[in-house]
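Protein chains: 2
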Amino acid sequence: MRLAQLSETSGVSTATIKYYLREGLLEPGDRVTATQMDYDARHVHRLRLIRALLEVGGLSLATVRNVLTVMEEPDVRPKDVERAAQEPLSTRAGLQRTEATSDAAVSEILALAEDWGWAISPDSPAVYTAAEALETLLRLGQTGLADQLDEYARSAEIAAAADVKASHLDGSTREATEALIVGNVMGDLLLASLRRLAQVHRLRESQRSGRCCPASENRSGTGHCG
Amino acid sequence: MRLAQLSETSGVSTATIKYYLREGLLEPGDRVTATQMDYDARHVHRLRLIRALLEVGGLSLATVRNVLTVMEEPDVRPKDVERAAQEPLSTRAGLQRTEATSDAAVSEILALAEDWGWAISPDSPAVYTAAEALETLLRLGQTGLADQLDEYARSAEIAAAADVKASHLDGSTREATEALIVGNVMGDLLLASLRRLAQVHRLRESQRSGRCCPASENRSGTGHCG
Chain A
1 MRLAQLSETS GVSTATIKYY LREGLLEPGD RVTATQMDYD ARHVHRLRLI RALLEVGGLS
61 LATVRNVLTV MEEPDVRPKD VERAAQEPLS TRAGLQRTEA TSDAAVSEIL ALAEDWGWAI
121 SPDSPAVYTA AEALETLLRL GQTGLADQLD EYARSAEIAA AADVKASHLD GSTREATEAL
181 IVGNVMGDLL LASLRRLAQV HRLRESQRSG RCCPASENRS GTGHCG
Chain B
1 MRLAQLSETS GVSTATIKYY LREGLLEPGD RVTATQMDYD ARHVHRLRLI RALLEVGGLS
61 LATVRNVLTV MEEPDVRPKD VERAAQEPLS TRAGLQRTEA TSDAAVSEIL ALAEDWGWAI
121 SPDSPAVYTA AEALETLLRL GQTGLADQLD EYARSAEIAA AADVKASHLD GSTREATEAL
181 IVGNVMGDLL LASLRRLAQV HRLRESQRSG RCCPASENRS GTGHCG
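Chains A and B, in that order, are what the protein sequence lines are.
Using full-length UniProt numbering, read the first sequence as starting at 1 and increasing by one per residue.
Using full-length UniProt numbering, read the second sequence as starting at 1 and increasing by one per residue.
Hints were generated in silico from the structure; no laboratory data involved.
Watch out, some of these pointers could steer you wrong.
[What the hints assert, rightly or not] Derived lysine to any residue pairs resembling SDA-like cross-links, with alpha carbons at most 20 Å apart:
| id | chain 1 | residue 1 | chain 2 | residue 2 |
| --- | --- | --- | --- | --- |
| 1 | B | Lys165 | A | Met1 |
| 2 | A | Lys165 | B | Arg2 |
| 3 | B | Lys165 | A | Asp75 |
| 4 | B | Lys165 | A | Glu151 |
| 5 | A | Lys165 | B | Gly144 |
| 6 | B | Lys79 | A | Arg174 |
| 7 | A | Lys165 | B | Gln207 |
| 8 | B | Lys18 | A | Glu205 |
| 9 | A | Lys165 | B | Lys18 |
| 10 | B | Lys165 | A | Gly141 |
| 11 | A | Lys165 | B | Gly141 |
| 12 | B | Lys165 | A | Lys165 |
| 13 | A | Lys165 | B | Leu140 |
| 14 | B | Lys18 | B | Arg2 |
| 15 | A | Lys165 | B | Asn66 |
| 16 | A | Lys165 | B | Thr143 |
[As the list claims (entries may be wrong)] Some, not all, of what chain A presents toward chain B, calculated at C-beta under 7 Å:
| id | residue |
| --- | --- |
| 17 | Thr129 |
| 18 | Leu138 |
| 19 | Arg154 |
| 20 | Asp188 |
[To be verified] Each pair of labels, with its calculated beta carbon distance range:
| id | chain 1 | residue 1 | chain 2 | residue 2 | range |
| --- | --- | --- | --- | --- | --- |
| 21 | B | Asp40 | A | Thr173 | 17 to 25 Å |
| 22 | B | Ser102 | A | Ser13 | 17 to 25 Å |
| 23 | B | Thr9 | A | Asp40 | 54 to 62 Å |
All C-beta atoms, glycine included, are put in the ideal place defined by N, C-alpha and C.
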């Protein structure tokens, strides 16, 4: 197909497609004439992938470029796959190890990983992201959530098991790497929104029953709060 | 304390503090002289909260303003709390219901919520965010993850139960609302990073054992795969 049709099929404007071509995010099509290229289904898929990571996943163009680069390596090394899987997370939050991340928070995350039998590198980017989130909670006085770390690990374990079943996490092929990255980015969003739905339900329940709201109960004294 | 000390204690520059004051994100201090204000621990806390939501949580300034507004309402209504809890999610992803979100995806999320006994409004923002993530996975050919929806719901249920224990989710007080919002934003990050750590472990396991990779099984014919 020609550029105009690629644009129509993918829903991406020709100006944006040309930009991705210049930036190397999209491979050139086959040259038909001196000025015309021919594109195929792979180009449509790649454009959908780029738009999904940018628009739905909220990744930056630089992060999208990095993960696409990993996907394209003909012989993907395990280290690259691990990095790629963690990158959308660490870059989206704009996190790297900062001075604000205390050794105590990092140690707590490493101890949690050990409790759960997760054999990971102590310098995995996700260790620092988790430590930064924990540290921030404590700095803001939210110790309750920090006490629930083990339950969050349980929740994460179930999600990771589902990820394995879903995408053959071995990452030994280009397809498996793509499944891992797309699954991680969209899975974050899916998990976060399902968590909100389960919360809203519990929120309504506690408002109806008067449980879990000691403050208003004490004020009204009726035992029916919310 | 004076502005200079507030800046030193909070780690936020005086120019940024003045900007937050002008924008109404930070309440004015007590006037000491015509040109000097006095700030206290509440201002330090508020500045830390704003920076955490912006820098660690990755929220936009507009979203931070919205959630702070909900926190400040003296008599928070349940509807407002529900909205505030979901807002950081829907706005971070920049999502609203779009034409791209099919009725089928929305129905699937609503059916999942019903299966789990989550009594929610069909028009909850998180329903559309979940549907958009699901729809995107299917559009990119990642059907494996879409088949694991029930496991993701299980993971979300465990996290939401931990959230309730952590922060008295009733949201009937300013403190409970703040705990809910901060817990949601940092909890997203914590869950996403712990999920990555659990994944990396499984990834390494499957590379060592050759399990969980049917493609290599078929090629090698060893029959050891999970």
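Evaluated hints:
no.: 1; hint: B:Lys165 / A:Met1; in the structure: violated (56 Å)
no.: 2; hint: A:Lys165 / B:Arg2; in the structure: violated (57 Å)
no.: 3; hint: B:Lys165 / A:Asp75; in the structure: violated (46 Å)
no.: 4; hint: B:Lys165 / A:Glu151; in the structure: holds (10 Å)
no.: 5; hint: A:Lys165 / B:Gly144; in the structure: holds (7 Å)
no.: 6; hint: B:Lys79 / A:Arg174; in the structure: violated (45 Å)
no.: 7; hint: A:Lys165 / B:Gln207; in the structure: holds (15 Å)
no.: 8; hint: B:Lys18 / A:Glu205; in the structure: violated (42 Å)
no.: 9; hint: A:Lys165 / B:Lys18; in the structure: violated (51 Å)
no.: 10; hint: B:Lys165 / A:Gly141; in the structure: holds (15 Å)
no.: 11; hint: A:Lys165 / B:Gly141; in the structure: holds (15 Å)
no.: 12; hint: B:Lys165 / A:Lys165; in the structure: violated (30 Å)
no.: 13; hint: A:Lys165 / B:Leu140; in the structure: holds (18 Å)
no.: 14; hint: B:Lys18 / B:Arg2; in the structure: holds (12 Å)
no.: 15; hint: A:Lys165 / B:Asn66; in the structure: violated (39 Å)
no.: 16; hint: A:Lys165 / B:Thr143; in the structure: holds (11 Å)
no.: 17; hint: Thr129; in the structure: holds (4 Å)
no.: 18; hint: Leu138; in the structure: violated (10 Å)
no.: 19; hint: Arg154; in the structure: holds (6 Å)
no.: 20; hint: Asp188; in the structure: holds (5 Å)
no.: 21; hint: B:Asp40 / A:Thr173: 17 to 25 Å; in the structure: violated (59 Å)
no.: 22; hint: B:Ser102 / A:Ser13: 17 to 25 Å; in the structure: holds (23 Å)
no.: 23; hint: B:Thr9 / A:Asp40: 54 to 62 Å; in the structure: holds (60 Å)
Hint check: violations occur at hints 1, 2, 3, 6, 8, 9, 12, 15, 18, 21; the rest are consistent with the structure.
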